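4 protein chains.
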Amino acid sequence: MTARGLTMQQLADANASAALNRLAGFEVTAAGGGSAEIVMMWHDGLTQYAGHLHAGMIAALLDTACGFAAATVVGGVTASHFSMNCLKPAVGDRFVAKGTTIQAGRKQIFARAELFAVNGDGEEALVATGETLLVPLNN
Amino acid sequence: MTARGLTMQQLADANASAALNRLAGFEVTAAGGGSAEIVMMWHDGLTQYAGHLHAGMIAALLDTACGFAAATVVGGVTASHFSMNCLKPAVGDRFVAKGTTIQAGRKQIFARAELFAVNGDGEEALVATGETLLVPLNN
Amino acid sequence: MTARGLTMQQLADANASAALNRLAGFEVTAAGGGSAEIVMMWHDGLTQYAGHLHAGMIAALLDTACGFAAATVVGGVTASHFSMNCLKPAVGDRFVAKGTTIQAGRKQIFARAELFAVNGDGEEALVATGETLLVPLNN
Amino acid sequence: MTARGLTMQQLADANASAALNRLAGFEVTAAGGGSAEIVMMWHDGLTQYAGHLHAGMIAALLDTACGFAAATVVGGVTASHFSMNCLKPAVGDRFVAKGTTIQAGRKQIFARAELFAVNGDGEEALVATGETLLVPLNN
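Protein chains in written order, with our numbering: chain A, 84 to 222; chain L, 84 to 222; chain V, 84 to 222; chain B, 84 to 222.
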């Protein structure tokens, strides 16, 4: 399977090719061995009514971390099911989404991710968790 | 409970107060009686790597439709759990998210939504479904 | 695809071949065209600590209704993801689970179900909703 | 919050008071500090059509492990949302469900669980993962 997995450079290219990822400033800070990490700096334009990070952006970060984690194992994937728990208001100087592959089957890949908000003092708080069920693109 | 529900005008104001909703051009086209409808025109800046609407924006539309549907019944709410099924590539001239309240309890509200892509001929295709579990803000 | 779909008799046979379905007294009361209905009479041995129907049996009914609904379209399936909302305490003289196929793709099938509790007067109450993502067995 | 948490003995009593848990032979093998473990020996009467453990029983084990894990922190709870991933056919000499509390808020508790199948040689395989959103009974 390793031969099919995407490298960190390939994932950085995929990230750069997605308009929303560019608009939001997603950065691939780690990728390999079934895991991936996405970082986003706080962005005033991406909030919901109360001034917290919008649920759609929380989903975008968790979903991307899951998809990139899976892609390091099986190559290109697309998500068919996504779920998330919103644990705390998503506010902070920056956000770090850490994705992990739970199981990579031939037809389906299960991945999960955690989203941390980091404040000015560098303290991390877990603000959301997510899960994604993915399908290999080349199957 | 009806006394606590938000009107379509109040929801349009809430929508206008959310930076991401403005950036994406969300419009509240219907709201009342436990249901709500959000419309968004196609936007080149909100895509994923393959040029389809980004999963994060699909989530934003479904989540907003669920939250606004619930708010017509119980007033302000916040989502604690969200899930979605991505049925087809989300491409079209515009998107319509239709939310419905399944059950509004004192502690929790269950809502679901469907996202339709509409092409140039006005044909609608169901591209995603979502569910949200919400908590009343004033509880 | 219709040629691959299972008939109501084939689903009744599948139901009879499952030990838990026999133990619980599941009955296939309708199946065809992407939908299926499962009925179970109240059973004192299947409760949780408070005397309501156990969440595991709610899941079993919803999951079976989803799987049988999908099987009428694509033949044998297996569930990879399941979720449910527990809306009300599940108590009643009998339970009716109604499953519907949302979309049947080549690799994945999305189905949803509703569980109704029926009391002695024949009044139905929606007690739970569920969703299942299924994979065709013969793919 | 610690004062409200249930002890392992109280959870064993709750387990014994649930008819399905007795029928299936659930045993509480660990509980405390936000975690709980449930063990069930293989039982021929609880299978689906292919002879594997029924999805409803997988759900029952995961849901119970989540609920008991949460109860060690906040006392009695009831589940409003449950989801699971079925990773592999659930077959084995016995099953071990390990639940963990992710976050215990005043209104809602998030918990997750993993289900392992153990074969005759004592080898564990992860066969399913689950998540539960719970509400405190005394709120």
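Simulated from the structure, these hints should not be mistaken for lab results.
Among these hints, one or two may not hold up.
[Claimed, not checked] For the chain B half of the interface with chain A, some residues (derived, Cβ under 8 angstroms), not all of them: (1) SER118; (2) LEU170; (3) THR183; (4) ILE185; (5) GLN186; (6) PHE199; (7) ASN202.
Since the structure is predicted, the reported quantities are computational estimates derived from the model, not experimental observations.
The beta carbon of each residue, even a glycine, is placed where N, CA and C say it ideally should be.
Verification of the hints:
{"no.": "1", "hint": "SER118", "in the structure": "violated (17 angstroms)"}
{"no.": "2", "hint": "LEU170", "in the structure": "holds (5 angstroms)"}
{"no.": "3", "hint": "THR183", "in the structure": "violated (12 angstroms)"}
{"no.": "4", "hint": "ILE185", "in the structure": "holds (7 angstroms)"}
{"no.": "5", "hint": "GLN186", "in the structure": "holds (5 angstroms)"}
{"no.": "6", "hint": "PHE199", "in the structure": "violated (13 angstroms)"}
{"no.": "7", "hint": "ASN202", "in the structure": "violated (18 angstroms)"}
Hint check: violations occur at hints 1, 3, 6, 7; the rest are consistent with the structure.
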